[in-house]
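Participant: Listed below, chain by chain, are the residues.
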Amino acid sequence: MTAESYSAAGSGGPGGVVPPGASTAAAVGLVERYAAAFVAGVPDQPADDGFFGPASVTWRLSADLSAPVAGLRSILIQALHPLAMAGVDKHSDWRRDPVGRLAATSAYMTTLTYGDRASASGAARRVRAIHEHVRGVDAVTGLPYAAADPALLLWVHAGLADSVLAAVRLLGTPPSDAEADRFVSEMAVSAELLGVPREIIPASVAAMDEYMAGVRPELRRTPAAAESMGYMLDPAGMGEEIAELWADLRDAALAALPGWARDLYGYPEPPPVTPARRTQIRQTLGVFDAVFMGEPGVLEARQRLELRMRRAEGSGGHGGVVPPGANTASQ
Amino acid sequence: MNNGRLAAARLRVERGLAALGLAARGGARYAGNAPRLFARAGERRQQLRNDLALRTAEDVAATLGAMKGVLMKLGQMASYVDDGLSPAARRTLSRLQDSVPPMSEDLAAQVVTEELGRPPELAFGTWDPQPIAAASIGQVHRAITRDGRAVAVKVQYPGIAETIEADLGNVALLRRMLKITAPAQDVDALLAELRERISEELDYRSEARNQQLFADFYDGHPTIHVPRIVPELSTRRVVTSDLADGARFAELAGWPTAERDLAAETIYRFVFRSLYQMHAFNGDPHPGNYLFHGGGRVTFLDFGLVKHFTADEMQPLAAMVKHLCVDNEPEEFRRAMVQAGFLVPGAPVPTPVVIEHMAVFYDTVRERGPRTMTGEYASAVTRRFFDFRSPLASYARIPRSYVILQRINLGLFALLGELSATADWRGIAEEIWPFFQGPPVTPMGAAEAGWRAGRTVGTHAASLGHKRLFKERPGLKFPRPGTETPAGGHTAAGTAPGCSG
Numbered sequence: 001m002t003a004e005s006y007s008a009a010g011s012g013g014p015g016g017v018v019p020p021g022a023s024t025a026a027a028v029g030l031v032e033r034y035a036a037a038f039v040a041g042v043p044d045q046p047a048d049d050g051f052f053g054p055a056s057v058t059w060r061l062s063a064d065l066s067a068p069v070a071g072l073r074s075i076l077i078q079a080l081h082p083l084a085m086a087g088v089d090k091h092s093d094w095r096r097d098p099v100g101r102l103a104a105t106s107a108y109m110t111t112l113t114y115g116d117r118a119s120a121s122g123a124a125r126r127v128r129a130i131h132e133h134v135r136g137v138d139a140v141t142g143l144p145y146a147a148a149d150p151a152l153l154l155w156v157h158a159g160l161a162d163s164v165l166a167a168v169r170l171l172g173t174p175p176s177d178a179e180a181d182r183f184v185s186e187m188a189v190s191a192e193l194l195g196v197p198r199e200i201i202p203a204s205v206a207a208m209d210e211y212m213a214g215v216r217p218e219l220r221r222t223p224a225a226a227e228s229m230g231y232m233l234d235p236a237g238m239g240e241e242i243a244e245l246w247a248d249l250r251d252a253a254l255a256a257l258p259g260w261a262r263d264l265y266g267y268p269e270p271p272p273v274t275p276a277r278r279t280q281i282r283q284t285l286g287v288f289d290a291v292f293m294g295e296p297g298v299l300e301a302r303q304r305l306e307l308r309m310r311r312a313e314g315s316g317g318h319g320g321v322v323p324p325g326a327n328t329a330s331q
Numbered sequence: 001m002n003n004g005r006l007a008a009a010r011l012r013v014e015r016g017l018a019a020l021g022l023a024a025r026g027g028a029r030y031a032g033n034a035p036r037l038f039a040r041a042g043e044r045r046q047q048l049r050n051d052l053a054l055r056t057a058e059d060v061a062a063t064l065g066a067m068k069g070v071l072m073k074l075g076q077m078a079s080y081v082d083d084g085l086s087p088a089a090r091r092t093l094s095r096l097q098d099s100v101p102p103m104s105e106d107l108a109a110q111v112v113t114e115e116l117g118r119p120p121e122l123a124f125g126t127w128d129p130q131p132i133a134a135a136s137i138g139q140v141h142r143a144i145t146r147d148g149r150a151v152a153v154k155v156q157y158p159g160i161a162e163t164i165e166a167d168l169g170n171v172a173l174l175r176r177m178l179k180i181t182a183p184a185q186d187v188d189a190l191l192a193e194l195r196e197r198i199s200e201e202l203d204y205r206s207e208a209r210n211q212q213l214f215a216d217f218y219d220g221h222p223t224i225h226v227p228r229i230v231p232e233l234s235t236r237r238v239v240t241s242d243l244a245d246g247a248r249f250a251e252l253a254g255w256p257t258a259e260r261d262l263a264a265e266t267i268y269r270f271v272f273r274s275l276y277q278m279h280a281f282n283g284d285p286h287p288g289n290y291l292f293h294g295g296g297r298v299t300f301l302d303f304g305l306v307k308h309f310t311a312d313e314m315q316p317l318a319a320m321v322k323h324l325c326v327d328n329e330p331e332e333f334r335r336a337m338v339q340a341g342f343l344v345p346g347a348p349v350p351t352p353v354v355i356e357h358m359a360v361f362y363d364t365v366r367e368r369g370p371r372t373m374t375g376e377y378a379s380a381v382t383r384r385f386f387d388f389r390s391p392l393a394s395y396a397r398i399p400r401s402y403v404i405l406q407r408i409n410l411g412l413f414a415l416l417g418e419l420s421a422t423a424d425w426r427g428i429a430e431e432i433w434p435f436f437q438g439p440p441v442t443p444m445g446a447a448e449a450g451w452r453a454g455r456t457v458g459t460h461a462a463s464l465g466h467k468r469l470f471k472e473r474p475g476l477k478f479p480r481p482g483t484e485t486p487a488g489g490h491t492a493a494g495t496a497p498g499c500s501g
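Here the protein sequences line up with chains A and B, keeping their order.
Going by the working numbering, 287 is the number at position 287 of the first sequence; the sequence numbering is gapless.
Going by the working numbering, 136 is the number at position 136 of the second sequence; the sequence numbering is gapless.
Since the hints were made in silico from the structure, they are not lab data.
All values derive from a computational prediction rather than experimental measurement.
Ideal Cβ placement from N, Cα and C applies to all residues, glycine included.
Some clues are possibly wrong.
[As the list claims (entries may be wrong)] Per label pair, the in silico range of CB-to-CB distance:
1. A/G29 - B/P391: 35 to 41 Å
2. B/R91 - A/A63: 18 to 24 Å
3. B/A393 - A/A247: 49 to 55 Å
4. B/E58 - A/P268: 45 to 51 Å
5. B/G375 - A/E240: 32 to 38 Å
6. A/P268 - B/M314: 21 to 27 Å
7. A/P174 - B/R118: 52 to 58 Å
8. A/A40 - B/P87: 18 to 24 Å
9. B/E58 - A/A203: 51 to 57 Å
10. A/P268 - B/A393: 49 to 55 Å
11. A/A203 - B/P87: 29 to 35 Å
[Claimed, not checked] If you want the ones that stay clear, here's a sample from chain B, every Cβ over 12 Å from chain A, calculated:
12. A53
13. G65
14. R91
15. T92
16. T145
17. Q339
18. L392
19. Y402
20. A447
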């Protein structure tokens, strides 16, 4: 499948097309900046286990090999909400520094997931402060938008939670239905921290599916969505060999995407994920993971998390995440 | 509430640290024995590794599956070709090695049970559950057999063979990765070697066969020792051999010059004697694969990568040496190069240029007299090897069957260079070259001549069969320190059959 399938040529958002030089520089730093964000977000000596903790389903799914696919898919889902997309498009400099924008989100998510409560709350407060200034009128729909709008925040939240489950089910070690429900309910706190009232946050897979189906009529592919996602699926400036690896990631994210979302974008259907294809994609993900682990501090940060997860297993924790028959760690 | 939990957590950590007093020795041994994999492993780090032990086949798959095991092997191979790797690639590959913790005691015992039909405590008289070294896609344990033989037992990670075989099937991805990690290399040759090597290592039986072949060939040798295999305790995923003990390469660096020279002479003799007489090359001249005993006596470990050459493959190699270094016949040398496939026929390069390019590889054996191997020489060889701008570059090839020989250039010379070893390399080579059969030029050469005279069968036959072909010479038998020391008495240094895989 050719890169042209995803290019946003002609859709040119008001900001114009990404200057080739800028995006080249930015794309090169993707792994480095993601890694730096990850390392900074995993605490050395946390005061507490934060809002999720080592026994949570959230921790396990976040460490799954499929996580990059979940990330890419969630952006694709989130961008389909015209008002959410307008906020990002008009108030962030993703065109000049797309990787920086992604790394900032990743840093926030890492702190939220692994940080202690004080760090996670602090990070959420900072995001809310930024959101206060993100408001305007969307040129496409003519509707006013505000980043602090619980409706938009909830869509972004659901886009992520839904994508984590879709990606891990397609490519990773799938959770049981009960674990999936627990994951959705664990994740509710992240929306709450950004100002979404608890009572409107879906707390089970079924509730989340129902919520997402309800939002669907509002979704559309705006020019900004087409442009930014065209960039995500085929980032400019990657070396040829890296671009081939990225193509596997892209195909995986598109395969994990619901048909209606692919149709909205007008993307062709990716090759089906047969067992053989699944193995290939996992192999590519393994390479990305190895490269990620080569960045300074990543291995140590992962070991810190793994140790805490094993101790949580050993001490009984919630128990639900421990696979039956697994031994306890520290002998 | 949080304070209570914190205090409890601290208590647990403190208790853990106290318990570490018990575990530390074993842990430190594991670290000390695997200089490459665990170079930075201190005690605390070692405890961390134990805490992170692989407990199930699923843990193994998560750590080494999805290409990571293959990448790790690539990293081990790449340590010979540092000059061909980007710094980022080298860093990534070495981190990958750091990321693999040992198997838990239970998991290692489970593999032994599956392979030998009995749990390790019954299959062996004594079993040390603490691994002493990391090994090729597995780890090494010490044990004493039921009849009292001290042995090293290499245990493979469960499920790793299937995972790696699947990963090796993704040729397109492997090619991409190799292009990214080693852009200056011949990707196809490297890929072929990577696949072949890893496939071989997945079945420890081929390693056991090779090791026994070398052990038989060098039986009774005055300075070369190869630990014998215990066949009844060796299977596809477990290989048991005599335990050897000795000084590690890092310690050798602190020994007197004369000792280092003798050790280097033994390594040199081993490499070329094996090549010319056994037609076999142990392609892993990594520092971790030797144990040193003084007086030039060296134990050779790890036969996971042994290449056997046919007579047809050997002939042009020997001819090249003979034409260049003995007969001084440049055109004949060139003809042999073409015959071997190193140079395309009819390359528009004048023969003196060919000679000038190739001479560096033969530098140490062109003239008699003592010469010192230096780090500079090793670097020059490596640079020449990767010199893709030379006039010869577009016409030079490395046929697949000879790819492994680059380790003589990139591994052996680097090793001897690190020792700054001095010897009459040409004189020693003359002893070994089958077309020369020179007289002994050193005391070690004289001792070796005595050993050779005592054998009933000569040369190449050894590589053709796995039977014992040589007469026992008990008087010259190499002492086996491992069998003399009770299991508990081993030092941290060196009891592994190899850690480089």
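Participant: Which hints, by number, does the structure contradict?
Facilitator: 3, 4, 6, 7, 9, 10, 11, 12, 13, 14, 15
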